[in-house]
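Here are the chains, one letter per residue:
Number of protein chains: 2
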Amino acid sequence: SLGAASQEQDTSRDAAGLRSMSSVTIPPPACMLRPLEAPLRYLFGPGPSNVPPRVLAAGGRPIIGHLHPEMYEIMNDIKKGIQYAFQTENNMTISMSGSGHAAMECAVFNTVEPGESVLVAINGIWGERVAEIAERMGANVHRMVKTPGGYFTNKEIEQAMQKHKPVLFFLTHGESSAGLCHPIDGIGDICRKHDCLFLVDTVASLGAAPIFMDKQNIDILYTGSQKALNAPPGTAPISFNDRACHKMFNRKTKPVSYLFDMTHLSNYWGCDGKPARAYHHTGPVSGFFALRESLAILAERVKRYTSTFSVILQKKYTDLRLPSVTTIAIPKGYDWREMLAYIMKHHQMEMTGGLGPSIGMVMRIGLMGYNCEKSNADMALHALADALKNCRKSKA
Amino acid sequence: SLGAASQEQDTSRDAAGLRSMSSVTIPPPACMLRPLEAPLRYLFGPGPSNVPPRVLAAGGRPIIGHLHPEMYEIMNDIKKGIQYAFQTENNMTISMSGSGHAAMECAVFNTVEPGESVLVAINGIWGERVAEIAERMGANVHRMVKTPGGYFTNKEIEQAMQKHKPVLFFLTHGESSAGLCHPIDGIGDICRKHDCLFLVDTVASLGAAPIFMDKQNIDILYTGSQKALNAPPGTAPISFNDRACHKMFNRKTKPVSYLFDMTHLSNYWGCDGKPARAYHHTGPVSGFFALRESLAILAERVKRYTSTFSVILQKKYTDLRLPSVTTIAIPKGYDWREMLAYIMKHHQMEMTGGLGPSIGMVMRIGLMGYNCEKSNADMALHALADALKNCRKSKA
Chain A
1 SLGAASQEQD
11 TSRDAAGLRS
21 MSSVTIPPPA
31 CMLRPLEAPL
41 RYLFGPGPSN
51 VPPRVLAAGG
61 RPIIGHLHPE
71 MYEIMNDIKK
81 GIQYAFQTEN
91 NMTISMSGSG
101 HAAMECAVFN
111 TVEPGESVLV
121 AINGIWGERV
131 AEIAERMGAN
141 VHRMVKTPGG
151 YFTNKEIEQA
161 MQKHKPVLFF
171 LTHGESSAGL
181 CHPIDGIGDI
191 CRKHDCLFLV
201 DTVASLGAAP
211 IFMDKQNIDI
221 LYTGSQKALN
231 APPGTAPISF
241 NDRACHKMFN
251 RKTKPVSYLF
261 DMTHLSNYWG
271 CDGKPARAYH
281 HTGPVSGFFA
291 LRESLAILAE
301 RVKRYTSTFS
311 VILQKKYTDL
321 RLPSVTTIAI
331 PKGYDWREML
341 AYIMKHHQME
351 MTGGLGPSIG
361 MVMRIGLMGY
371 NCEKSNADMA
381 LHALADALKN
391 CRKSKA
Chain B
1 SLGAASQEQD
11 TSRDAAGLRS
21 MSSVTIPPPA
31 CMLRPLEAPL
41 RYLFGPGPSN
51 VPPRVLAAGG
61 RPIIGHLHPE
71 MYEIMNDIKK
81 GIQYAFQTEN
91 NMTISMSGSG
101 HAAMECAVFN
111 TVEPGESVLV
121 AINGIWGERV
131 AEIAERMGAN
141 VHRMVKTPGG
151 YFTNKEIEQA
161 MQKHKPVLFF
171 LTHGESSAGL
181 CHPIDGIGDI
191 CRKHDCLFLV
201 DTVASLGAAP
211 IFMDKQNIDI
221 LYTGSQKALN
231 APPGTAPISF
241 NDRACHKMFN
251 RKTKPVSYLF
261 DMTHLSNYWG
271 CDGKPARAYH
281 HTGPVSGFFA
291 LRESLAILAE
301 RVKRYTSTFS
311 VILQKKYTDL
321 RLPSVTTIAI
331 PKGYDWREML
341 AYIMKHHQME
351 MTGGLGPSIG
361 MVMRIGLMGY
371 NCEKSNADMA
381 LHALADALKN
391 CRKSKA
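So the protein sequences, as listed, match chains A and B.
Numbering of the first sequence is given in UniProt numbering, commencing with residue 1 and proceeding in unit increments.
Numbering of the second sequence is given in UniProt numbering, commencing with residue 1 and proceeding in unit increments.
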């Protein structure tokens with residue numbers, strides 16, 4: 001069709017770029033004439049956490065192209081950094097160009113086909129999310145449900161597996177809505193025995209509570225960038241072992257999402273053994289710079305999260321306590337919303353309420369990675385004490 | 001289940017965070033002890049483009065929480081900025097937490113139900129992508145195909161619409177693989193007449209070639225952040241008018257993706273009229289800071305792209321030339337790969353080859369937004385002339 005266009009359509013010049021600016025009817029918005037304002041905050045909620053200067057600086061560097069050789073090197077570094085953080089030798093290890101939910105959908109979309117059985121352990125919000133995601137793409141979803149903060153015994157899991165014969169079993173390692181760190185040992189073996197893939201969410205726990213993907217026979221593991229890794233939100237490490245790869249690369253149907261299709265993502269990340277990487281989508285270059293640095297800090301420090309925050313208020317909400325996010329029962333007679341607003345206003349500090357099923361049951365305080373210092377824990381305790389003193393307390 | 005956990009399972013302490021570090025078998029990777037390296041480049045390809053210092057600085061600022069009131073203000077600013085850039089008053093105007101492909105999937109997933117008819121105009125790579133996305137979610141896809149650089153007359157479009165009765169018609173405004181800017185006028189009216197939604201991709205054209213969403217009766221419009229807007233990749237503005245909202249909020253089935261479900265995204269962006277925004281996913285805070293500034297620059301300058309790049313090599317590949325990305329026919333007797341490698345090596349400058357169906361047919365040069373200066377055009381021409389002089393030329 002070379003050269004044919006101008007002969008066929010005489011209005012082309014207008015549409016192609018020479019239209020008069022008199023067509024502009026929406027004026028420039030006044031709000032954009034104000035400078036960008038973003039206050040400095042202590043991010044002591046369940047994430048995002050504060051980003052250290054080195055990681056911020058990386059995210060603010062001049063960018064390069066998403067397909068430049070230097071970008072591939074940075075992506076290779078990220079892959080190695082994730083392998084270390086996950087304690088895995090899996091070749092199929094990448095970062096999503098999106099938040100933890102992108103990893104969640106990627107895991108389910110690629111390893112499950114419509115009509116297949118999926119077993120989901122629900123003891124907070126994350127299992128609910130995965131169940132909904134799996135249902136939307138046509139899986140036959142079976143739910144095991146506990147109240148927030150409850151956990152599942154290996155025996156309960158095996159019994160449900162025998163009954164529902166799932167191709168995928170989902171469990172949340174760090175249930176941030178309940179502040180629970182779920183035991184993992186032995187579950188991978190049960191999944192192997194029943195020919196089921198073991199998918200684990202460590203968004204709120206990675207870098208805070210130990211996880212050993214290979215040793216614990218986890219088939220698919222993902223996390224987010226904005227918790228204990230202290231990078232800005234927008235990237236999400238994920239890894240698949242050979243069992244998971246075998247299932248997802250031998251399917252009959254295509255995954256419902258082109259963007260999250262591991263056939264393409266594995267090529268983009270140089271994991272498929274092909275000599276060249278083809279264009280699939282444009283990755284978040286600045287986000288990858290920042291993620292690379294956050295993983296580098298983890299590799300350099302070999303300092304895993306150690307909890308410095310001791311709970312002084314009331315009783316703990318759960319005994320299997322997640323080190324990164326501490327849930328505390330709401331002090332009797334206080335309005336949790338008022339306490340949180342007071343702490344934000346007077347201490348520039350974010351703490352949060354519950355999430356999903358734990359709303360109204362707990363307050364949540366996160367000290368993750370870079371934020372995990374005794375001075376910060378002292379500051380958080382001081383803010384809580386101040387709120388207890390100054391917020392209204394009912395007589396009840 | 002409060003307090004019951006420790007009674008039921010005695011191995012919980014190990015799994016919950018007290019396991020010995022002797023379980024670490026994957027050592028910290030040596031590559032992470034090297035500093036991050038990203039060279040300075042002239043990004044004169046079809047995107048991403050160079051990011052101006054003000055936008056980089058915004059992306060490198062300390063972050064705030066994704067649900068803080070100040071973040072909502074920034075998101076409100078982004079919404080207004082997009083409304084201006086798109087020339088629309090649509091309330092349902094947001095940014096995706098992902099690249100242009102996320103917007104592409106969001107548009108299709110939300111407005112189409114399985115079994116419904118979709119008509120896709122293909123004259124380069126982007127129509128192919130949308131057709132594949134629609135097929136994966138179960139749509140009945142009909143393709144109108146032209147060679148790269150070809151375009152569709154309104155008559156051809158109406159005839160296909162009469163034949164296939166689609167609920168959605170897709171057209172690429174800026175076909176960056178072919179360098180074509182497609183005429184838009186009149187097509188929206190045809191779509192209304194046939195009760196079909198008009199979806200337009202302006203990833204490569206927004207801010208470079210005029211587009212008027214409301215006046216041109218475009219029902220769904222999206223773009224990317226990393227082209228003429230000069231923000232880092234990772235966010236993607238999208239807008240739906242009332243017709244599109246009516247279709248997507250009155251569907252019988254849920255969209256296949258929870259992450260891209262506009263029911264949730266419209267709430268997250270404060271577009272659904274509800275008093276509170278609920279947690280859905282964690283948006284890319286730094287990416288939104290940067291996008292806000294890039295839209296502010298657009299609003300301040302009221303300077304739309306004017307092409308300063310004149311083509312001196314051979315003939316132009318298409319007459320409906322896209323101002324942001326110039327496709328040039330490959331100079332006779334030259335190896336385009338060698339020329340591009342030479343220009344990258346000796347001029348630190350990215351230009352690219354074709355994409356998808358235009359591979360081997362064209363070279364592509366983009367001067368977008370911030371990069372669109374005469375001095376840059378001169379530099380690009382100088383680099384091309386140098387490559388023509390120093391790369392091998394066959395006798396053919």
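No lab work stands behind these hints: they were computed from the structure.
Treat the hints loosely; a few may be bogus.
[To be verified] Below, simulated DSSO-like cross-link-like pairs (lysine-lysine); rule was C-alpha separation at most 30 Å, straight line: (1) K254(B) - K165(A); (2) K80(A) - K345(B); (3) K254(A) - K155(B); (4) K254(B) - K163(A); (5) K215(A) - K193(A); (6) K254(A) - K345(B); (7) K274(B) - K274(A); (8) K345(B) - K254(B); (9) K345(A) - K274(B); (10) K163(B) - K252(B); (11) K193(B) - K163(B); (12) K274(B) - K332(B); (13) K374(A) - K393(A); (14) K163(B) - K254(A); (15) K252(A) - K155(B); (16) K193(B) - K254(A); (17) K252(A) - K274(B); (18) K163(A) - K80(A).
Results for each hint:
For the suggested pair K254(B) and K165(A), the alpha carbons sit about 26 Å apart, so the restraint of at most 30 Å is met. Distance check on the hinted pair: K80(A) and K345(B) sit about 28 Å apart at the alpha-carbon level, within 30 Å; holds. A threshold of 30 Å between alpha carbons decides the hint, and for K254(A) with K155(B) the separation of about 35 Å lies outside it, so the pair is violated. The suggested pairing of K254(B) with K163(A) holds, with an alpha-carbon distance near 28 Å, which does not exceed 30 Å.
Of the pairs offered as hints, the one joining K215(A) and K193(A) holds, with about 16 Å between alpha carbons and a cut-off of 30 Å not exceeded. Between K254(A) and K345(B) the alpha-carbon distance is near 40 Å, which puts this suggested pair outside the 30 Å criterion. Only pairs whose Cα atoms come within 30 Å are accepted, and K274(B) paired with K274(A) is rejected, the gap being roughly 49 Å. Restraint check for K345(B) and K254(B): the C-alpha separation of about 50 Å exceeds 30 Å, so the hint is violated.
For the suggested pair K345(A) and K274(B), the alpha carbons sit about 24 Å apart, so the restraint of at most 30 Å is met. Under the criterion of a C-alpha separation no larger than 30 Å, the hint pairing K163(B) with K252(B) is consistent with the structure, at around 25 Å. A C-alpha spacing of about 14 Å is found between K193(B) and K163(B), which places the hinted pair at or below 30 Å, so the restraint holds. Restraint check for K274(B) and K332(B): the C-alpha separation of about 61 Å exceeds 30 Å, so the hint is violated.
About 29 Å separates the Cα atoms of K374(A) and K393(A), which keeps this hinted pair within 30 Å; it holds. The suggested pairing of K163(B) with K254(A) holds, with an alpha-carbon distance near 28 Å, which does not exceed 30 Å. A distance of roughly 39 Å separates the Cα atoms of K252(A) and K155(B); the hinted pair therefore is violated under the 30 Å criterion. Using a Cα cut-off of 30 Å, the hinted pair K193(B) and K254(A) is violated, with the two alpha carbons roughly 35 Å apart.
Note on K252(A) and K274(B): the hinted pairing is violated, with a Cα-Cα distance of about 42 Å set against a maximum of 30 Å. As the CA atoms of K163(A) and K80(A) are separated by approximately 39 Å, the hinted pair breaks the 30 Å bound.
Hint violations for this structure: numbers 3, 6, 7, 8, 12, 15, 16, 17 and 18, all remaining hints satisfied.
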